[in-house]
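Chain order of the listed sequences is S and G. Numbering-wise (our numbering), the first sequence opens with residue 1280 and increments by one. Numbering-wise (our numbering), the second sequence opens with residue 1404 and increments by one.
There's no promise every hint is true.
Covered, in the sense of this in silico footprint (three residues per stretch, anywhere, with C-beta under 8 Å from a C-beta of chain G), are these stretches of chain S [what the hints assert, rightly or not]:
| # | stretch |
| --- | --- |
| 1 | 1287 to 1293 |
| 2 | 1362 to 1373 |
Here are the simulated BS3-like pairs of lysine-lysine, each with C-alpha atoms no more than 30 Å apart in a straight line [unchecked claim]:
| # | chain 1 | residue 1 | chain 2 | residue 2 |
| --- | --- | --- | --- | --- |
| 3 | S | Lys1331 | S | Lys1315 |
| 4 | S | Lys1394 | G | Lys1535 |
| 5 | G | Lys1612 | S | Lys1302 |
None of these hints come from the bench; they were simulated from the model. The C-beta atom is built at its ideal place from N, Cα and C for all residues, glycine as well.
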Amino acid sequence: MSTYPAKLDAIISLFEALPEEEKRENLIAYSEQAKKHQPAPGESFDLEDIRKDEECTDTVGVFLKVGPEKQSHFRVTLGPQVQTLTRAMTAILCRGLEGCTPEEILDLPADFVPKIVGGQLVRIRSQTVYYILTRMKGACRVFLNRLRSAQA
Amino acid sequence: MSQPKSQYAHPEVLVSTEWLADHLHEPNTRIVESNEDVLLYETSHIPGAVHIDWRLDLQDPVVRDYINPEAFADLCSRNGIDPDTTVIFYGDKSNWWACYALWAFRLFGHGKVKILDGGRDKWAKEGRQLTKEKPHYPPANYPAPLKRHDEDIRAFYEDALAHSEAKRPLIDVRSPGEYSGEVTHMPEYPQEGVLRGGHVPGAKSVPWKKAVNDDATFKSAEDLRKIYTEECALDRESDIIAYCRIGERSSHTWFVLHYLLGYENVRNYDGSWTEWGNKVRAPIERS
Chain S
1280 MSTYPAKLDA
1290 IISLFEALPE
1300 EEKRENLIAY
1310 SEQAKKHQPA
1320 PGESFDLEDI
1330 RKDEECTDTV
1340 GVFLKVGPEK
1350 QSHFRVTLGP
1360 QVQTLTRAMT
1370 AILCRGLEGC
1380 TPEEILDLPA
1390 DFVPKIVGGQ
1400 LVRIRSQTVY
1410 YILTRMKGAC
1420 RVFLNRLRSA
1430 QA
Chain G
1404 MSQPKSQYAH
1414 PEVLVSTEWL
1424 ADHLHEPNTR
1434 IVESNEDVLL
1444 YETSHIPGAV
1454 HIDWRLDLQD
1464 PVVRDYINPE
1474 AFADLCSRNG
1484 IDPDTTVIFY
1494 GDKSNWWACY
1504 ALWAFRLFGH
1514 GKVKILDGGR
1524 DKWAKEGRQL
1534 TKEKPHYPPA
1544 NYPAPLKRHD
1554 EDIRAFYEDA
1564 LAHSEAKRPL
1574 IDVRSPGEYS
1584 GEVTHMPEYP
1594 QEGVLRGGHV
1604 PGAKSVPWKK
1614 AVNDDATFKS
1624 AEDLRKIYTE
1634 ECALDRESDI
1644 IAYCRIGERS
1654 SHTWFVLHYL
1664 LGYENVRNYD
1674 GSWTEWGNKV
1684 RAPIERS
């Protein structure tokens, strides 16, 4: 049985079945959709984390809203220098993790990334494919810590 | 073919964005994009440009080395490049990988090479034409070069060590933090598996970025001479080795020293800090 959330699992299965060339085409298509996952005007969030880290080539903003059933909803802003693979992973994760609980996201293993990206593209200088997932997990961790503090 | 640009030693190796826009279909010329962003070419590129990937196309898939002459001949032939083709390189990151690819072409003796001054960023910022359409050229016949000219423009660990011991010019082109040993990776990048921080003893810190303007074009010959000739006491006869982390930023400096300033004896130590900083008992200086 899959350890991945259903929406993410469907994306992983799609990529795993693709030859390398079509994998690249699909990654580019996802990278072009990254802008659709920016916060909408007036949208409010439980947590906003905008920063420029050494692990990424430009500023990345991660916005998290958690619903009453603890379903997560991510929005992400990306600076212009962010690499194409990171843009693609942003769209994939925003879509694939939609509705998951923060706990499910924290428990998510990162081993699905090479299954999506493919062996050819995970290499030195493209390790930032893991960056967005790390940031999303960080947002979930902070959210849960705040929740626990509020409940204590 | 190129625009006049101050008093470079070899001004013909640079083409401007304006010139290239007017000469996209120049006969016997091939435009080559080479990037750090592995998917950038596929998102868009200059019309007619082919893609050469620094890892997949230029490096041996198993050993940490470059491809052999036969593989280089095959790479050129399938991209419609023959020994007489002028190859114009450009790419992201201020042309780091374009200079790296150009340097690799020189390893195989390909002489007709140029750089698009300002690279991909300048071209895009000027709103010039980009396309997703991949060109297809008839295969060319590129005979396998007789050898790879490693000894002319490439330095190995032993060469860099000998340079350090003899106090000959070593140029460390990494960021000041990497040079001092404060960090083991460049700002904005992940750790790339280096165990020790610092620099090769005796190496002088001259970050690659000193050689470029804000728009990624190369600084004037006068400015470059101030940096390298006056401040570093280098000259045309100096026996120079440049290094960084994996050889791409030092390719940029190699290009500046060799082509723009006309220094004859410049080598790129492509093993760079990812070799030196991991090597058991390699001497390291911190400052």
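Comparing the hints with the structure gives:
Counting residues of the stretch 1287 to 1293 of chain S whose beta carbon lies closer than 8 Å to any beta carbon of chain G gives 0, which falls short of the minimum of three for the stated coverage. With a threshold of 8 Å between beta carbons, the proposed coverage of the stretch 1362 to 1373 of chain S by chain G holds, since 4 of its residues qualify and at least three are required. In summary, the hint linking Lys1331(S) to Lys1315(S) is supported, as the alpha carbons are separated by about 21 Å, within the 30 Å threshold. Proposed proximity of Lys1394(S) and Lys1535(G) is supported: the alpha carbons are some 25 Å apart, at most 30 Å.
Distance hint between Lys1612(G) and Lys1302(S) is unfulfilled; the C-alpha atoms sit about 35 Å from each other, more than 30 Å.
Checked against the numbered hints above, the structure violates hints 1, 5; every other hint is satisfied.
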